[in-house]
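A.B. asks: Chains H and B, in that order, are what the protein sequence lines are. The first sequence begins at 0 in numbering that gives the first Met the number 0 and counts up one residue at a time. The second sequence begins at 0 in numbering that gives the first Met the number 0 and counts up one residue at a time.
Careful: at least some of the hints might be erroneous.
As the list claims (entries may be wrong) - Going by beta-carbon spacing under 10 Å, a handful of chain B positions derived as facing chain H:
id: 1; residue: L4
id: 2; residue: F17
id: 3; residue: Q24
id: 4; residue: S32
id: 5; residue: M68
id: 6; residue: P70
id: 7; residue: W72
id: 8; residue: V85
id: 9; residue: T115
id: 10; residue: L119
Calculated directly from the structure, the hints in this document are not laboratory data. We put the CB at the ideal spot given by N, CA and C, even for glycine.
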Amino acid sequence: MTAFANACRRFRTDRRAGIAVFIALLFPALIAMGLLAIDAVRAFSQATLLSSATQAAALAGSMNIGNYYSQGATRGGAAITTKAAQIGDANAASSANLTAAIQQTQLGNWSASNSTFTSLATSGTTSPNAVLVTGSLTMATYIGSAFGTPTLSITKTATATLNSAVPFNVIVLNDMGGPNTTQSLGIAGSQQANWWAQQQAADVAILKCLQAAGNASTTFGVTGFVEQGYTLQAMTTVNSGSNATAITNRINNVGSSVFQYCRESKSAKMCHGSNVASAIYSAIAQFKAITTTGASNNIVILTNELPIYDPTVATGQSPVLYYTMAEGTGVTVGSTNGPTGVPVGTGSSTTALCGTSPVCTSSNLIQMAEAQAAAAGLSTANGGLGLKISVIYFSGDNGTVSGHATTNWSEISSWVKNGGVAYQTSALTTTTNDGTTTPGVVAQAGNFCQLLGSTLATASN
Amino acid sequence: MTPLLLIVFGFFAINIMFYTLSAMQNSAFYAASLLAAGRATTANNGSVISCASPPSSPSAEYYVCTSSMLPDWATFQATSAEDCTVPKVSVTVSVNASAAALADVFSFFTGQTLTTTSVLMKQGSCP
């Protein structure tokens, strides 16, 4: 008994190795706390990754809002959702113990003043300017099971809008040539006749994008061109009063009489020619009349052919008089008769390239187009306006007419300047998997809206 | 003593590693956004660039290596690529995991590579 009492006394009073006992008792707790810390930091890291994924998805979705305006709510909306998920999921990599994915993409409207997003489903409106993306992940925890949490779920949202920070000025140049047997492009007459209707829809789709972006100073104009350019819609601010409605009506009312402008107003002397140089010249002049500083200034060329001199039509009809540079002013490449400060041609020579004698050949017209595109794209540092040129080319031949889809594209895509986009489509319309008909040209006009760019409005941390 | 060191340095290393990973994610996202917007180019579509000798041109790899987002206790590698079929751009940042963990005294991460990739949709013309 005495020995036992002594042992107990020694245990109570002997402080040697006491910490070892303490550590031994605490060791499981230390391990648990450590694993908990690792779970926490893993969750933090994966949340950051998921946040990046939802942001990337929202940016991709909003960048494709043009699809809504060009292809409609069903197909356009599906395209936006698909693109958002494609980009978002590329960031949200899953692994053996982690599943991450974009769960939902909503189209709607972002109010900068209220910092709120309202989905189209809620508002019932049809003019989205923003995309809200929700992503989630489920992560297996190391120690969470002990606390009844074997998995951890994290949800992140991000909203991105069309960029409205700077004015996005656009002049669309519509190639209104045709129909004509010599430029049939190997397509059915009805499809060729539909060419202008598709361009109208493309113009309106671009206009709606600009309207949705909402910058108060953004302007929009439409210039048609056949043997020369002529203004269909002067540059007008899009987001002021009922301007957008008036512009839309103007575009839609440019009907068959104007479509046949060349034949009716010019007594059928020329019906085509696609003198895009004339239209670009006109666009430069129009841009000179507005404030371009601090804005994105864009020319969009919708065309279905190279500039062409057609001797069949021209025979006996003095066609050379109608290949003018703009609005009938008869300016020619090689002169310096462009808008103030903007060179017209390739040099300082005032010698007329064509237009009176000899006649403008097709190669002349192409050379003029290249020169005008170069003049439009000339940087401000070099005295130009630094206009951005994009092209949408309807090859139309579905590969049946040699050269249209390849050689022509090489030339037409060379007109692109300063980061503009270049799209080619072989069909005016295609039947999609949901049974609707999607205009190829119009769809590409929706894609042009990507140049507006997108910005993040909100993102959950 | 070893278990205690294991706990201290092990947890420290793992947390530093995740901190580094977050920095890499931010850096990759930043560079990808510049590449997507056309404000940066890809140094050499798919080639891996070491931040020990970053390119001088305004490429995505340049911005990864010089954006001050990455910690300076490890040498990172960066690569970027454009996929015009989507179109999308991607920027990948990688580092030796042991170096990233800073205090990997027990060599938990020796031979491992820490990698993060940020993918964004390409704006405008591609390429």
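A.B. asks: Look at each hint and say if it fits the structure.
C.D. replies: Checked hints:
no.	hint	result
1	L4	violated, 12 Å
2	F17	holds, 4 Å
3	Q24	holds, 6 Å
4	S32	holds, 8 Å
5	M68	violated, 12 Å
6	P70	violated, 14 Å
7	W72	violated, 17 Å
8	V85	holds, 7 Å
9	T115	holds, 7 Å
10	L119	holds, 5 Å
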